[in-house]
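Asks: Below are the chains, spelled out letter by letter.
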Amino acid sequence: MKFVGHHILSVSQFDRADVEQIFDVADHMRPYAMRKRITRVLEGAIVSNMFFEPSTRTRVSFGSAFNLLGGEVRETTEVKASALAKGESLYDTARVLSGYSDVIVMRHPEPGSVAEFAQASRVPVINGGDGSNEHPSQALLDLYTMRQELQAQDRSLDGLRIALIGDLKYGRAVHSLCKLLCLYDDISLHLVSPPELEIPAGIADDLTAAGHQIEVFHSLEPGIHEVDILYVTRTQEERFPSQDEANRYRGLFRLNQSIYTQHCEPNTVIMHPLPRDSRAQAQELDDDLNQNPNLAIFRQTDNGVLVRMALFALVLDVVDEVDNHAKPVTWFTAKRNEPLRP
Amino acid sequence: MKFVGHHILSVSQFDRADVEQIFDVADHMRPYAMRKRITRVLEGAIVSNMFFEPSTRTRVSFGSAFNLLGGEVRETTEVKASALAKGESLYDTARVLSGYSDVIVMRHPEPGSVAEFAQASRVPVINGGDGSNEHPSQALLDLYTMRQELQAQDRSLDGLRIALIGDLKYGRAVHSLCKLLCLYDDISLHLVSPPELEIPAGIADDLTAAGHQIEVFHSLEPGIHEVDILYVTRTQEERFPSQDEANRYRGLFRLNQSIYTQHCEPNTVIMHPLPRDSRAQAQELDDDLNQNPNLAIFRQTDNGVLVRMALFALVLDVVDEVDNHAKPVTWFTAKRNEPLRP
Amino acid sequence: MKFVGHHILSVSQFDRADVEQIFDVADHMRPYAMRKRITRVLEGAIVSNMFFEPSTRTRVSFGSAFNLLGGEVRETTEVKASALAKGESLYDTARVLSGYSDVIVMRHPEPGSVAEFAQASRVPVINGGDGSNEHPSQALLDLYTMRQELQAQDRSLDGLRIALIGDLKYGRAVHSLCKLLCLYDDISLHLVSPPELEIPAGIADDLTAAGHQIEVFHSLEPGIHEVDILYVTRTQEERFPSQDEANRYRGLFRLNQSIYTQHCEPNTVIMHPLPRDSRAQAQELDDDLNQNPNLAIFRQTDNGVLVRMALFALVLDVVDEVDNHAKPVTWFTAKRNEPLRP
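Those protein sequences? They're chains A, B and C, same order as listed. For the first sequence, this note's numbering begins at 21 and goes up steadily by one. For the second sequence, this note's numbering begins at 21 and goes up steadily by one. For the third sequence, this note's numbering begins at 21 and goes up steadily by one.
No lab work stands behind these hints, which were simulated from the structure alone. Be aware that one or more of the hints could be misleading.
It does not matter which identical chain is used: a pair holds within one copy or between any two.
As the list claims (entries may be wrong) - Mimicking DSS-like on lysine-lysine, the simulated pairs with C-alpha atoms at most 27 Å apart in a straight line are:
1. Lys347 / Lys56
2. Lys199 / Lys22
3. Lys56 / Lys22
4. Lys199 / Lys189
5. Lys347 / Lys189
6. Lys56 / Lys189
7. Lys22 / Lys189
Every value quoted in this text rests on a predicted model; they were computed, and no experiment measured them.
Kindly produce the complete structure, drawing on both the sequences and the hints.
Replies: If you want it as structure tokens, here you go:
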């Protein structure tokens, strides 16, 4: 098994078969995430959730995914609360922590830090985001959601037409997603950004080398015609050289229901890696889209739990054991357990 | 079932039968909280404990209550560690988090924020305190404790004589408690506060409309005569317009054993929503009362676990299942598991 | 049973038989910590991990130890997030929290605070470090590691030759370790420190009174000859009167592979309570020792889990029940579960 006992550090480590395997396992996790039944397959196992940078969504999603498999979560949420503040190396921290748990999820602001940490760890490490570098579980859940949304239209990822919109320069989610799209065939991409926030040339080259079609747009409306999916991103303000520079781009591209109705094909799916910036000056995705059934942003985050369950199950080699430890659910389960659209 | 799948946002949503039902379920939880036996009824369930304002007591109490029912706890303790800091709306945060757990407990400094959050959540939300507005589980555990203390004297809540003492203007615990008292009959209240910190007129009107008797006092000693319960509160310094203004009231009403002996009827019960302010200038409840068997403040916090277990069990519809998932306790259980007074 | 229901506050409360008992129980915990099998003996039990001072290693180690016995962990990691900030006394905090859990682990910057807390607690309290005073689980895991390292050479703790190196004045780990060494026979100690950071006279007197041999060194190389174990410590910069004064000692004694090869007997074991300071100016233990099989620092932290499991099992009286609640492990377990050296 290729995944068992391995680190998950970058989407670059996967080929198409790997990605399909992750998605198949994620599908298998759905009844557990939806509380149709529970599984205790990881009863007694411990994940160490090391978040050296603020995060609610990713941290809780990984933690819940591990709980849903029956395991326990130990958590660290602040770099200043750690021995790193006393001059400890990542090597030492990794060696020590890998004695406390069966698997580690780590987020850290420094690009490359998670890979460095993983080299010293004696248990598998999953990258929960290392600065502007990688966030592989986000890219996987995004692609998984695209697959699911297309399946509802009896289509597959091959032949996908997608618009990537917003800050394509600093958005690590976009970069990792593009790497995954290179594993598929015949993708058509609209790259919609301000001229200064275009996608890095290396990534554009990779897409072209994979045989994909790229078209660049510097304004929103023409870019959202004739695509299946709009993938909108917020301006990654915290990664800009200065707040002043970041402010120049706040609210530049704003999608709302009226623009959507006027320019998009019917049933164009709207995605966003979240959080979306709802401050009055930003609003890259207007709240008036909340009733649009094609808004898939919350199906994305729901799917994040499935994908993270799949990563844990694969790395810890329990995929075939999950159903053997299943039990019925005896408590009230809310509608939230149903995807809003099948 | 009225509670199943519903939010718990305000004491105003309860009628007397609801409150009695919560209390009966809380009684049923006692052997589990006292470690006479354990239950695994919520095995596999997850609560998301979202505390956007510092809290130890309420946060740990809710978390332990969920653990005692067999469930897991995912926790967020800082607003700055959250996507809200990146401009995310409460709506988005709620929709996302409600995909990660079966029930959410939320504390937030803004009045009304928890109700707003609940509107977008797809799982039940329990208000853990929203600023100066509501703290329903505190009011319920206070009233539950009063019921228990009176039962020990073969009496019921109807006909209760109670003195509310201290900062009656800003104390949300007092306000919520008064709303609950309106559901009962023939209550006599002594409202003991500085003139500037009297109870809001609306609450006083509600009490009168419920047929209760109110008497206002501006000094401590006359106010504590001829009541069954003293409900003492600290000055809510953090809710005052300025620290200077708050300081004027620090230590204004200080109850100690000598005053108690001189002015109170025998066996007058002493309660406090805690924390009590033990700084030398404050001490609204002197430490010399710690040996007084009528000091019920730690029975209150112990009862908080029971009441919160009851809320979870009611909302998640497992009241009738709790005993079916019971197991014996095999470890040492300390005396703390016994209420200090039966 | 001497441990059942008792607080663990200081190494001074143990005699030699107690220490041996802890170590025997720790040995018994090894297959569970190594994931050869799991135990659910504390299913339904709750530990409250109260860390009023930053800590990753100790906090996660205690939490994982409790999870490995099947119990749940409720955690508080910041003094400002606590009611103490609103003027609550340690007495009140302890009484309240002891109603939420079966056992409490507490770290606090004030010497004596944990003992004060324990007096009011109705459940057992384990000292996780109280300022410059005590850190009993660290001293126990250090001594347990020494025992294990010597056993690999068919020797026992009696007759041990050890060098204590670095900041012997402020290092609480060293102080607690010395107290434990007084329970054994015929120990020979090299005390290697700058003249200003010598071990406190009281501790030196205790060692002499126990019949041990002490030799004082003010430079590294002569101090590390002819000993079985080097116990190196970092400068406890945060305990110095000023950072300027602390800086004078940073990097004063630096052990690396070359010095080790030149001055130490073969197989001299290298220990450190961690974290080691890896900043360029410090490096009391150079990274080039990482490949030295006698570097026991990560075996120490691995052993910390065993020792803390033992303390929980003893205090909660489940030592004889652990194996009765054992189950097989069904997931991938990494090599980290193997000690690096048998």
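Asks: Honestly, which of those hints from before does the structure not fit?
Replies: 5, 6, 7
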